[in-house]
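Participant: Letter by letter, the chains look like this.
Number of protein chains: 2
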Amino acid sequence: MYDLILKNISRFITLTPEEEQYFISILKSKKLKKKQFLLQEGDITRHEYFVNKGCLRTYTIDEKGQEHIIQFAIEDWWTGDMYNFLTQKPARYTIDAIEDSELLCLEKNALEELYIKIPKFEKFFRHLLQNAFIAGQSRIIDMISLSADDRYCNFVTQYPSMEKRLPKKQIASYLGIKPESLSRLRSNWLKKMKRA
Amino acid sequence: MYDLILKNISRFITLTPEEEQYFISILKSKKLKKKQFLLQEGDITRHEYFVNKGCLRTYTIDEKGQEHIIQFAIEDWWTGDMYNFLTQKPARYTIDAIEDSELLCLEKNALEELYIKIPKFEKFFRHLLQNAFIAGQSRIIDMISLSADDRYCNFVTQYPSMEKRLPKKQIASYLGIKPESLSRLRSNWLKKMKRA
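Residue numbers (the numbering used here), protein chains in the order written: chain Y, 6 to 201; chain G, 6 to 201.
Derived from the structure by calculation, the hints contain no laboratory data.
Wrong hints could be hidden among the right ones.
Label pairs and their in silico Cβ distance ranges [claimed, not checked]:
1) G:Glu-112 - Y:Ile-18: 21 to 27 Å
2) Y:Lys-33 - G:Ser-34: 47 to 53 Å
3) G:Thr-92 - Y:Arg-200: 25 to 31 Å
4) Y:Thr-19 - G:Arg-189: 52 to 58 Å
5) G:Tyr-27 - Y:Lys-40: 28 to 34 Å
6) Y:Asn-193 - G:Thr-92: 26 to 32 Å
7) Y:Lys-196 - G:Gln-163: 40 to 46 Å
8) G:Ile-66 - Y:Ser-186: 42 to 48 Å
Heads up, simulated EDC-like pairs for lysine to aspartate or glutamate below, C-alpha to C-alpha not over 16 Å straight-line [said to hold, decoys possible]:
9) Y:Lys-69 - G:Asp-147
10) G:Lys-69 - Y:Asp-147
11) Y:Lys-128 - G:Glu-117
12) Y:Lys-125 - G:Glu-117
13) G:Lys-125 - Y:Asp-155
14) Y:Lys-36 - Y:Glu-80
15) Y:Lys-128 - G:Glu-118
16) G:Lys-69 - Y:Asp-155
17) G:Lys-125 - Y:Glu-118
18) G:Lys-128 - Y:Glu-118
Listing some non-contacts, in silico: residues in chain Y with all C-beta distances to chain G over 10 Å [unchecked claim]:
19) Leu-20
20) Glu-24
21) Glu-25
22) Tyr-27
23) Ile-49
24) Met-87
25) Leu-91
26) Cys-158
27) Lys-169
28) Lys-173
29) Pro-184
30) Leu-187
31) Ser-188
32) Ser-192
Quick caveat, the model's predicted, so the values are computed rather than measured.
Where a beta carbon is used, it is the ideal one built from N, C-alpha and C, also for glycine.
Bound conformation, chain Y alone:
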């Protein structure tokens, strides 16, 4: 149950067996069925989440009722609403499960205590945030400077397993295009791959 998260952490810091035990002791597990909510816009959450199994999406709903997906999270990814978690202001996003999912939850106070007891977790979360920040910047660049064709191509190249796994409607929402355009983008991309 904890193999994946410990491997995830070992990418940036090395824990002693005692530290691993302590870390595991503060985690709580949570199961979500497909379509169940982890967090709804306006909630106040006190947790960050590690995906052990499944797939979730973070999204917002505009005034016209249109969903806009900010992020997907599959196994070995962290998710949550950082803004909400840090400021304890109402969440700006909704997070729900696209597949039956299993999560490990890290509570805010437990995390603050973890930073004090095992300060190298500062380093771990600094690295995690660096990568998340870089990914966010890439997404911004893609959105302001790329055509729908190029955005689709980047998505498939960066997240090949997600493209197979996610409903087309969700991918379209993430890329900011109409679902009916997706098959055209996919066919353009396949043609491009053949030429390459």
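Chain Y is already provided as a structure; the job is to place chain G on it using the hints.
Facilitator: Then chain G, alone, in the frame of chain Y:
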């Protein structure tokens, strides 16, 4: 010269006078005249930068030669290409000065050594990254879910001093709209403010 950066750091960690001295000793200063480059797409940088004075913009140029602004940075902000800095792969952005600017530069090796000598800087940069990540997510939401009118309104509300200071063309590029639309958005916003 170091007052602003020390105040910036004191928001998240407390340094002893000796630690302050050590930190200051590893900083280098750099001046840029308006329109001078700090970093060009393709360069490999080994620095993160703190803005002591002035204003810079981070942008990318698409295949049609169109500039897309990712971020502005004014006094008391950090800037740089995190991806480039961390991976030492060629920069994906260009950064130049919109006004005559004064920067403090933190070199990659010096920063790695700083983390070892004064580990609480892990905490400082974790906080800085948390805020940058949240700002990036807000920008993504704004771009996928808001109208140009609402994007303009958010920008003016969040960064009132920047709106007065920046050339209209730069604001339009940041918001992903045509410069000629900006006066219409501004007039809509003023009407909205009057009604409020």
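Participant: All hints are to be evaluated individually against the structure, with a verdict given for each.
Facilitator: These are the hints, each one checked on the structure:
1. Our hint of 21 to 27 Å for Glu-112 of chain G and Ile-18 of chain Y holds, since their Cβ atoms are close to 23 Å apart.
2. At roughly 48 Å, the beta-carbon separation of Lys-33 of chain Y and Ser-34 of chain G lies within the given 47 to 53 Å, and the hint holds.
3. The hint said 25 to 31 Å for the Cβ distance between Thr-92 of chain G and Arg-200 of chain Y, and at roughly 29 Å that hint holds.
4. In this structure the supplied range 52 to 58 Å holds for Thr-19 of chain Y paired with Arg-189 of chain G, their Cβ-Cβ distance being about 57 Å.
5. Taking the beta carbon of each, Tyr-27 of chain G and Lys-40 of chain Y are about 54 Å apart, not inside 28 to 34 Å as hinted.
6. The hinted range of 26 to 32 Å is satisfied by Asn-193 of chain Y and Thr-92 of chain G, whose Cβ atoms lie roughly 30 Å apart.
7. The given range of 40 to 46 Å is respected by Lys-196 of chain Y and Gln-163 of chain G, whose C-beta atoms sit roughly 42 Å from each other.
8. At about 26 Å, the beta-carbon gap between Ile-66 of chain G and Ser-186 of chain Y misses the expected band of 42 to 48 Å.
9. Only pairs whose Cα atoms come within 16 Å are accepted, and Lys-69 of chain Y paired with Asp-147 of chain G is accepted, the gap being roughly 15 Å.
10. Restraint check: the Cα-Cα separation between Lys-69 of chain G and Asp-147 of chain Y comes to about 15 Å, which is no more than 16 Å; the hinted pair holds.
11. Pair hint Lys-128 of chain Y plus Glu-117 of chain G holds up; C-alpha atoms about 11 Å apart against a cutoff of 16 Å.
12. Distance hint between Lys-125 of chain Y and Glu-117 of chain G is fulfilled; the C-alpha atoms sit about 14 Å from each other, no more than 16 Å.
13. For the given pair, Lys-125 of chain G sits about 41 Å from Asp-155 of chain Y by alpha-carbon distance, which is inconsistent with the 16 Å threshold.
14. The hinted pair formed by Lys-36 of chain Y and Glu-80 of chain Y meets the criterion: a straight-line CA distance of about 13 Å does not exceed 16 Å.
15. Straight-line distance between C-alpha atoms of Lys-128 of chain Y and Glu-118 of chain G comes to about 13 Å, which keeps the hinted pair within the 16 Å bound.
16. Taking the CA atoms of Lys-69 of chain G and Asp-155 of chain Y, the gap is about 14 Å. The hint holds against a cut of 16 Å.
17. Between Lys-125 of chain G and Glu-118 of chain Y the alpha-carbon distance is near 15 Å, which keeps this suggested pair within the 16 Å criterion.
18. The straight-line distance between the Cα atoms of Lys-128 of chain G and Glu-118 of chain Y is roughly 13 Å, inside the 16 Å bound, and the hint therefore holds.
19. Every CB of chain G lies more than 10 Å from the CB of Leu-20 of chain Y, the least distance being 16 Å, so the non-interface label holds.
20. With a closest Cβ-Cβ approach of about 16 Å to chain G, Glu-24 of chain Y is found to remain outside the 10 Å limit, as its non-interface label requires.
21. Consistency note on Glu-25 of chain Y: stated as away from chain G, and its beta-carbon is indeed over 10 Å from all of that chain's, at 20 Å minimum.
22. Listed as a non-interface residue, Tyr-27 of chain Y keeps its Cβ farther than 10 Å from every Cβ of chain G; the least gap is roughly 19 Å.
23. Chain G leaves Ile-49 of chain Y outside its interface by the beta-carbon criterion, the shortest separation being 15 Å against a cut-off of 10 Å.
24. Residue placement check: Met-87 of chain Y does not keep its beta carbon more than 10 Å from all beta carbons of chain G (closest about 6 Å).
25. Its beta-carbon lying about 6 Å from the closest one in chain G, Leu-91 of chain Y breaks the requirement of being farther than 10 Å from that chain.
26. Residue-level check passed: Cys-158 of chain Y sits 13 Å from the nearest beta carbon of chain G, beyond 10 Å.
27. Look at Lys-169 of chain Y: its CB is around 23 Å from the nearest CB on chain G, clear of 10 Å, so calling it non-interface holds up.
28. No Cβ of chain G comes within 10 Å of the Cβ of Lys-173 of chain Y; the nearest lies about 17 Å off, and the non-interface call holds.
29. No beta-carbon of chain G is positioned within 10 Å of the beta-carbon of Pro-184 of chain Y; the least distance is around 15 Å.
30. Separation of Leu-187 of chain Y from chain G is adequate, the least Cβ-Cβ distance of about 16 Å exceeding the 10 Å criterion.
31. Every CB of chain G lies more than 10 Å from the CB of Ser-188 of chain Y, the least distance being 21 Å, so the non-interface label holds.
32. Every beta carbon of chain G lies more than 10 Å from that of Ser-192 of chain Y, the smallest distance being close to 22 Å; the non-interface claim holds.
The structure fails to meet hints 5, 8, 13, 24 and 25 from the earlier list, while all remaining hints are met.
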